[in-house]
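Asker: Taken in order, these protein sequences are the chains called A and B. When the letters of the first sequence are read in order and numbered with our numbering, they come out as residues 67 to 290. When the letters of the second sequence are read in order and numbered with our numbering, they come out as residues 73 to 262.
Keep in mind that the hints are not guaranteed to be accurate.
[Unchecked claim] Partner residues are not named here, just some residues of chain A that face chain B (Cβ under 7 Å, in silico):
(1) 140
(2) 142
(3) 166
(4) 250
[Stated by the list, open to error] Derived DSSO-like pairs: lysine-lysine, alpha-carbon spacing no greater than 27 Å straight-line:
(5) B:105 / A:266
(6) B:141 / A:159
(7) A:289 / A:89
(8) A:267 / A:289
(9) A:130 / A:75
(10) A:89 / B:141
(11) B:239 / A:89
(12) B:141 / B:239
(13) A:165 / B:239
(14) A:279 / A:268
(15) B:239 / A:267
(16) A:266 / A:289
(17) A:159 / A:79
(18) A:277 / A:289
(19) A:157 / B:133
(20) A:266 / A:279
(21) A:79 / A:282
(22) A:75 / A:282
(23) A:157 / B:141
(24) B:165 / A:265
(25) B:133 / A:165
(26) A:79 / A:268
(27) A:265 / A:289
(28) A:75 / A:289
(29) B:133 / A:268
(30) A:265 / A:79
(31) B:133 / A:79
[Claimed, not checked] Computed list of chain A residues with no C-beta within reach of chain B, every gap over 12 Å:
(32) 91
(33) 97
(34) 98
(35) 148
(36) 151
(37) 223
(38) 259
(39) 261
(40) 262
Source of the hints: derived by calculation from the structure; they are not laboratory data. Note that beta-carbon positions come from the ideal geometry of N, C-alpha and C, so glycine has one too.
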Amino acid sequence: MKKQISYWKEFSKGLWEINPTFKQVLGMCPTLAVTVSAINGVAMALATTFVLIFSSMLISTIRKLVPSQVRIAAYIVIIATFVTIADFVMKAKFPELSKALGPFVPLIVVNCVILGRAEAFASKNNPLRSLLDALGNGTGFLIALTLMGSIRELLGNRTIFGYQLLPESFQPLLIMILPAGAFITLGLMMGLANIYMNKKKKSEIDSVISKYKESKATFEESKA
Amino acid sequence: MELLIIFISAAIVNNFVLSLFLGICPFIGVSNKISSSLSMGMATTFVMVITAVVSWILYFKILLPYNLKFLQIPSFILVIASLVQFVEMVIKKVSQPIYRSLGIFLPLITTNCAILGLALLLSMRNYSFWESIFFGLGAGAGFTMALVIMAGIREELEMADVPEAFKGAPITLITAGLLALAFMGFAGMI
Numbered sequence: 067m068k069k070q071i072s073y074w075k076e077f078s079k080g081l082w083e084i085n086p087t088f089k090q091v092l093g094m095c096p097t098l099a100v101t102v103s104a105i106n107g108v109a110m111a112l113a114t115t116f117v118l119i120f121s122s123m124l125i126s127t128i129r130k131l132v133p134s135q136v137r138i139a140a141y142i143v144i145i146a147t148f149v150t151i152a153d154f155v156m157k158a159k160f161p162e163l164s165k166a167l168g169p170f171v172p173l174i175v176v177n178c179v180i181l182g183r184a185e186a187f188a189s190k191n192n193p194l195r196s197l198l199d200a201l202g203n204g205t206g207f208l209i210a211l212t213l214m215g216s217i218r219e220l221l222g223n224r225t226i227f228g229y230q231l232l233p234e235s236f237q238p239l240l241i242m243i244l245p246a247g248a249f250i251t252l253g254l255m256m257g258l259a260n261i262y263m264n265k266k267k268k269s270e271i272d273s274v275i276s277k278y279k280e281s282k283a284t285f286e287e288s289k290a
Numbered sequence: 073m074e075l076l077i078i079f080i081s082a083a084i085v086n087n088f089v090l091s092l093f094l095g096i097c098p099f100i101g102v103s104n105k106i107s108s109s110l111s112m113g114m115a116t117t118f119v120m121v122i123t124a125v126v127s128w129i130l131y132f133k134i135l136l137p138y139n140l141k142f143l144q145i146p147s148f149i150l151v152i153a154s155l156v157q158f159v160e161m162v163i164k165k166v167s168q169p170i171y172r173s174l175g176i177f178l179p180l181i182t183t184n185c186a187i188l189g190l191a192l193l194l195s196m197r198n199y200s201f202w203e204s205i206f207f208g209l210g211a212g213a214g215f216t217m218a219l220v221i222m223a224g225i226r227e228e229l230e231m232a233d234v235p236e237a238f239k240g241a242p243i244t245l246i247t248a249g250l251l252a253l254a255f256m257g258f259a260g261m262i
């Protein structure tokens, strides 16, 4: 039996280590399409997280009852049910947001993040761990979408969440709120994330090397 | 004329990949070689047209008359999944060469959001039967076009000196951004 990782780790790995957007490169369509403004990104991410949490828990609960041949179909029906709930709630409570997100709320059903977590995690772990994993991945998705939405809204419209942050003299970059801006922003963000990761990896390797050299020096000293 | 406008609008002006962001996963995942992206595009177009027909019948002849609109999402996804499976079996039986060139892409298509997006959009926009078919054709053509253009660029990109951190997905996304910019030129056409 392999060692169980802590509950905190189960949650926090979704934030950065396996961040759905930056690391797993899953769920690209909503990430690109709805992040015209920060509020749209947040709404989309919350709806996705809702579906992710409940479908992960349910799938994990019934994981031993479903024959493996029909598991994907079963998962999809479960996910579709929760997506329908999310869609109807949004239509009733936030009609404007629902209109702005268009077909992307029903399209949560084919968001690979959800089926990916169901297949890779919830089908093998107990409901509590699945809940934490879903929460972590959902939060990671939320961070990515909020960041994307904020950057695009700030540069394309001078505002974040509707609050004006840049002065009137700043000429809005119209491209940022057009489709092309979405691709370019995400590409640059992923590239920057990679640069940061590479640096971190390099410094880790460096610290290991310096430790090795140190221990070698002390060893040789003791020998002498 | 109306049908032609729907076709061109779906294929070029509101290109599924570059302006509606549907089907980004295969767009990034499969667009490595021109030949495979052409096969993928053709398989997708094929499924799109069939999906347009079936989901139109399902939505306007079954779900709406019997007031079952709340079943839209689960029923669409189930119908599409079983449809893709069925198409795969038929192709396998009828023609081996076509199966060999399209077969491996068919399972991937089930989770392609462009297909479900197509079904949802045509129900949202209240298209008629023929309009739906042309919408599916146009969407497929646009998807194929975007995929093949992207594959062409990426084949050249292999030789380019891309900074280490930007290799893979980041540079592909930036390239797609430039491509989307070019497609914006069609915006005033219709």
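Asker: Where does the structure disagree with the numbered hints, that is, which hint numbers, in rising order?
Answerer: 1, 3, 5, 7, 8, 10, 12, 13, 16, 17, 21, 22, 24, 27, 28, 29, 31, 32, 33, 34, 35, 36, 38, 39, 40
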